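Please build the complex by placing chain B on the supplied structure of chain L, with the hints as guidance.
Number of protein chains: 2
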Amino acid sequence: MIHFGDRLTNRISDLGNPTVVGLDPRLNQIPEFIIEKVIDEFGETTEAAAEAILEFNMGIIDAISDIVPAVKPQIAFYECYGYEGLRAYEETIKYAQEKGMIVIGDAKRNDIGSTAKAYAEGHLGNVDLFGTPTPSINADALTVTPYLGTDGIAPFTKVCAEFGKGIFVLVRTSNPSADEIQGQTLGDHLMDEHVATLVEGWGRDLIGDSGYSSVGAVIGATYPEEARVLRNLMPNQIFLVPGYGAQGGGAEDVKPCFHDNGTGAIVNSSRGIIFAYEKQGKPSEAFAETARDAALAMKEDLRKLF
Amino acid sequence: MIHFGDRLTNRISDLGNPTVVGLDPRLNQIPEFIIEKVIDEFGETTEAAAEAILEFNMGIIDAISDIVPAVKPQIAFYECYGYEGLRAYEETIKYAQEKGMIVIGDAKRNDIGSTAKAYAEGHLGNVDLFGTPTPSINADALTVTPYLGTDGIAPFTKVCAEFGKGIFVLVRTSNPSADEIQGQTLGDHLMDEHVATLVEGWGRDLIGDSGYSSVGAVIGATYPEEARVLRNLMPNQIFLVPGYGAQGGGAEDVKPCFHDNGTGAIVNSSRGIIFAYEKQGKPSEAFAETARDAALAMKEDLRKLF
Numbered sequence: 052m053i054h055f056g057d058r059l060t061n062r063i064s065d066l067g068n069p070t071v072v073g074l075d076p077r078l079n080q081i082p083e084f085i086i087e088k089v090i091d092e093f094g095e096t097t098e099a100a101a102e103a104i105l106e107f108n109m110g111i112i113d114a115i116s117d118i119v120p121a122v123k124p125q126i127a128f129y130e131c132y133g134y135e136g137l138r139a140y141e142e143t144i145k146y147a148q149e150k151g152m153i154v155i156g157d158a159k160r161n162d163i164g165s166t167a168k169a170y171a172e173g174h175l176g177n178v179d180l181f182g183t184p185t186p187s188i189n190a191d192a193l194t195v196t197p198y199l200g201t202d203g204i205a206p207f208t209k210v211c212a213e214f215g216k217g218i219f220v221l222v223r224t225s226n227p228s229a230d231e232i233q234g235q236t237l238g239d240h241l242m243d244e245h246v247a248t249l250v251e252g253w254g255r256d257l258i259g260d261s262g263y264s265s266v267g268a269v270i271g272a273t274y275p276e277e278a279r280v281l282r283n284l285m286p287n288q289i290f291l292v293p294g295y296g297a298q299g300g301g302a303e304d305v306k307p308c309f310h311d312n313g314t315g316a317i318v319n320s321s322r323g324i325i326f327a328y329e330k331q332g333k334p335s336e337a338f339a340e341t342a343r344d345a346a347l348a349m350k351e352d353l354r355k356l357f
Numbered sequence: 052m053i054h055f056g057d058r059l060t061n062r063i064s065d066l067g068n069p070t071v072v073g074l075d076p077r078l079n080q081i082p083e084f085i086i087e088k089v090i091d092e093f094g095e096t097t098e099a100a101a102e103a104i105l106e107f108n109m110g111i112i113d114a115i116s117d118i119v120p121a122v123k124p125q126i127a128f129y130e131c132y133g134y135e136g137l138r139a140y141e142e143t144i145k146y147a148q149e150k151g152m153i154v155i156g157d158a159k160r161n162d163i164g165s166t167a168k169a170y171a172e173g174h175l176g177n178v179d180l181f182g183t184p185t186p187s188i189n190a191d192a193l194t195v196t197p198y199l200g201t202d203g204i205a206p207f208t209k210v211c212a213e214f215g216k217g218i219f220v221l222v223r224t225s226n227p228s229a230d231e232i233q234g235q236t237l238g239d240h241l242m243d244e245h246v247a248t249l250v251e252g253w254g255r256d257l258i259g260d261s262g263y264s265s266v267g268a269v270i271g272a273t274y275p276e277e278a279r280v281l282r283n284l285m286p287n288q289i290f291l292v293p294g295y296g297a298q299g300g301g302a303e304d305v306k307p308c309f310h311d312n313g314t315g316a317i318v319n320s321s322r323g324i325i326f327a328y329e330k331q332g333k334p335s336e337a338f339a340e341t342a343r344d345a346a347l348a349m350k351e352d353l354r355k356l357f
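Chains L and B, in that order, are what the protein sequence lines are.
Quick note: to get our numbering, add 51 to the position in the first sequence (first position is 1).
Quick note: to get our numbering, add 51 to the position in the second sequence (first position is 1).
Rather than coming from a laboratory, the hints here were simulated on the basis of the structure.
Intra- or inter-copy, both count: the list cannot distinguish identical chains.
Pairs of lysine-lysine, DSSO-like flavour, derived with a Cα cap of 30 Å:
1) 355 to 330
2) 145 to 168
3) 330 to 209
4) 88 to 333
5) 333 to 168
6) 330 to 168
7) 168 to 88
8) 150 to 350
9) 306 to 330
10) 150 to 330
11) 145 to 209
12) 209 to 150
13) 145 to 330
14) 88 to 150
No experiment lies behind these values; they were computed from the predicted model shown.
Chain L extracted, bound-state conformation:
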């Protein structure tokens, strides 16, 4: 069994590219030629929405799978269309994995123990199907929230150990009001630093040959000073870094999320890649190749850092 921390680190190293592309498919930004096709076939239904999302994602994945190590579908944009949307989410995961990509499900799940176990088994492990343990959604990793403490995390780390999967725990998010909870002061340190020490402990038994744990951390790119502190508190965590591009962070902002040797972080861009055709004024038929160009530009931007 290869640890997830090693799998991701190795794939980043093989491609020389510490980026993950966020698959956040907003229906009103999917190219018109795809929309027309699915409405022709399925009408204006949630089934059509799911097909549009899937076709769009497959185009993106085909265009980037040889240059980008991972994709991160944000499940909110799928489950908002109910079960048809979740079908598109599952099929997107399968397709990306077939193309050799690592899939980080961005779901921010968590709950008390027995419920967290159901999430862990459903998203990463096996579910009980009439007595037979069976893979279900089967992503490679999942984002989770820490608010319930160890009880809500242990079922995930158990599944990670058994199936070579990973989790990324929310520690510091990139939004303006993050400080309302994460930035509160506990004596001489901040709440997110306290959570960082918990995350470091949760990941200690899942450190692979690369030195990185299968338990990573979500660290927003918009607080570079704080990122430096968190990097020291979690030396073995891979940082999943949202906030590059659309959320305001640039390459210099994400630099403190990496170790000095350029490892230990993977930077996400969603809209900046998948809807690059809009920003660049390209025809929508060129959405996939424009996404590839944007992904290559991001790779070069990050490569300059080290």
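Just chain B, lined up with the frame of chain L:
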């Protein structure tokens, strides 16, 4: 538009019963006669799992809808079976609403603003379906987590205001490790008390004629001392109280979650009701009527408090 806080308060008052039944359908506890039937029809598939869950839930709902104001399906036990499971979740919600019940989706969702908006629209409001705003999962309320602060909550409260829906924000959970984050000390108060003041603010514009807001709070029954403090900090919040029965809390433990007049809280029981037939050694064919008996016993147990 009737505020959710009023709808729930009125329904509790009409039935004289401040309880919500958690629909957490574990496949290995669903009666054998249902399992055999769905396997006959669909084989050992996720479709069969979804059908078993739905048939079981419908039996429970039929048995309790005239005595219990609300059900709370825990989405983890549905989405672990992928899109077929989510279909069962959606159909459960529709069925319970047709029978006059209020449905609280227990999903603990949250994310940054634009993503939280997708969750809010998908679970409670309308999604964009090719330009037409369309209801999707359409629960009456949803549980959410607070870790990202106001940004992650505002999209939900906006949808609540527009559609007469509600949210319950995690403040104090019932699990043993809850203290690791929620019980941390910020100067002279605890983190959960800080979150309580945020929740009180988030709900201030959604207070109805009943005096209760459509923004409620999840308050575990296993910390009665802390519940008293939180009750004072959030006078207008309806407390959704897990932890009664299976998680160790009894009627006396949940008492501090209510105001002195017996309003302001709704107490959840899941396994203690839906799988009561196992604990009482009844034949599985009697699962629904045994659930009704257990729900009536719980109602009596709580009624003695005030």
